[in-house]
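For the record, the sequence lines run as chains A and B. Each residue of the first sequence is one higher than the one before, counting from 0 in numbering that gives the first Met the number 0. Each residue of the second sequence is one higher than the one before, counting from 0 in numbering that gives the first Met the number 0.
Bear in mind the hints are in silico, worked out from the structure with no lab data behind them. The beta-carbon is built from N, C-alpha and C at its ideal position, and this holds for glycine as well. Among the hints, erroneous ones may be present.
Some, not all, of what chain B presents toward chain A, calculated at C-beta under 8 Å [what the hints assert, rightly or not]: (1) 65; (2) 66; (3) 81; (4) 89; (5) 235.
If you want the ones that stay clear, here's a sample from chain A, every Cβ over 12 Å from chain B, calculated [to be verified]: (6) 8; (7) 33; (8) 70; (9) 153; (10) 155; (11) 191; (12) 194; (13) 203; (14) 213; (15) 214; (16) 220.
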Amino acid sequence: MSTSGTGSEPPCKSEAELDLLGDEQLLAYVIEMREAGRDDCLRAAFGVLAFGYWDFVASLVSKKANPRDIEDLTAVVIESALRSAFDGKTIGEFVNWLKTITARRIADFYRTREGRPSAEPLPSEHAGDDTIFANEPVSEEEGYAAIEIREAAGRVLAGRKEIHQLVIRLTAPPELGWGEDLPAAEVAERVTDTHPGAGMTDANVYQIWKRFKTDLDKELGLGGS
Amino acid sequence: MSADNPHDSDTEGAGGGSVEQLLAEFRASFEAGDRPSVRELLDRAPEGERQELESAIDSFLMQTPRRRWDPVAYESSPAKLSVARVWDSLEGVSGSWPEVLRRLRNAAQVDRKTLTRRLAEALGFSGTAEQERVHGYYHQMEHGLLPAEGVSDRVLEALAAIIDTNAEQLRRAGRGVLPQGEPGSLSAFARTAMPDPEYAERDFPTRAYTEDDSTLGFGAQSLDAPSPAPAGRPRRHDALDALFLDG
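Chain A with its partners taken away, still in its complex shape (with noise of 0.2 Å):
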């Protein structure tokens, strides 16, 4: 059952509603809602995603993971593409995101592991015991999707003026290699202390992350969202 907003504000969606929904649209739902001030719809559509690909990254995971480690990693994922997904950061199909974020969270769970002390042996000092599985860091094969992904990003933000370049990279997710990934009012803050006649705000920050978004899917041909 859908859940009414007061006055002109768009309604909940449930999740039985949402379920109907493609990724994309869900993903235009979750940002419409946050526009409209209506984050409390959004549980439902996390709940969607998060439900939805549980297992689909699980899989991804179990390729490259310590068993042990799969649970854990999964969530990893799925909490970093909700975030992706309530920030306006996903890039490119949905799906496609989600496997650049696994290979992505991958690598970094054992490459910092690897600087930690550990009382575990690493595989390479079990060769050839075949049932010890790769607990050492990774290599990002972050697979064709992800490389895509990276060449549009750097071709539409190398036609950027410099300061949005600068916004750009600091709000964009890691997942495209360059980018620091931090929430718009801290963009703007470390915007404004080097440029402190740009007057830099957070809705500026968004707006600019934003049409750079759109750019980019269309670079990626989805026509932007």
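Assemble the complex: chain A is given as a structure, and chain B must be docked to it using the hints.
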């Protein structure tokens, strides 16, 4: 490729199988919601055919529609816990603390009561009443209810020492910036999709908490309890409050 019949040819060895068989096995298991291990299947494939199987599984996954909504299955799923963590972070005033603190605390294998007792002691408070107030403030941090800018560096430094991170990471998380793989962050950050019940909280029973907290394993726990400032008993804003509220 006869992916529909997993048993229509000889297997390649004990527990092995052809690409077609293994793909069919994966499909059947995935569609049944069993979360099969791709790695395990790849290991069972003939050595020269693993890449073919991996591509076939990838292709299947990329073409398979999102799992249909199932409210009953969702209730007990880890997906619901992930949504709860993200939701607390987004809706609260504590940045990413609801996601980060719960994960790090569980990774450090310390229950909330023990953590807050150690935190109180590190801050110089040894009395039971003071420890309960520290517990109340920490509870608010984990649920996105305590403004991050009000929490002092001293608290974050003491907390960081307990949950094996650093104060700067916690400060950044409080501003909504999630750790991105720096040492001391993500490997621990990714250890707690399903919190170990051993480290869930069992103390401070008050009114029944919302659906989310109960599924997170925090037992009978209220969003606003234990209260750092018990209702009906006005109390002066003291040094302990200042550590959590005045930045």
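Now the hints, each set against the structure:
no.	hint	in the structure
1	65	3 Å, holds
2	66	5 Å, holds
3	81	5 Å, holds
4	89	6 Å, holds
5	235	33 Å, violated
6	8	18 Å, holds
7	33	10 Å, violated
8	70	4 Å, violated
9	153	20 Å, holds
10	155	23 Å, holds
11	191	16 Å, holds
12	194	21 Å, holds
13	203	18 Å, holds
14	213	23 Å, holds
15	214	25 Å, holds
16	220	16 Å, holds
In this structure, the hints that do not hold are numbers 5, 7, 8, in rising order.
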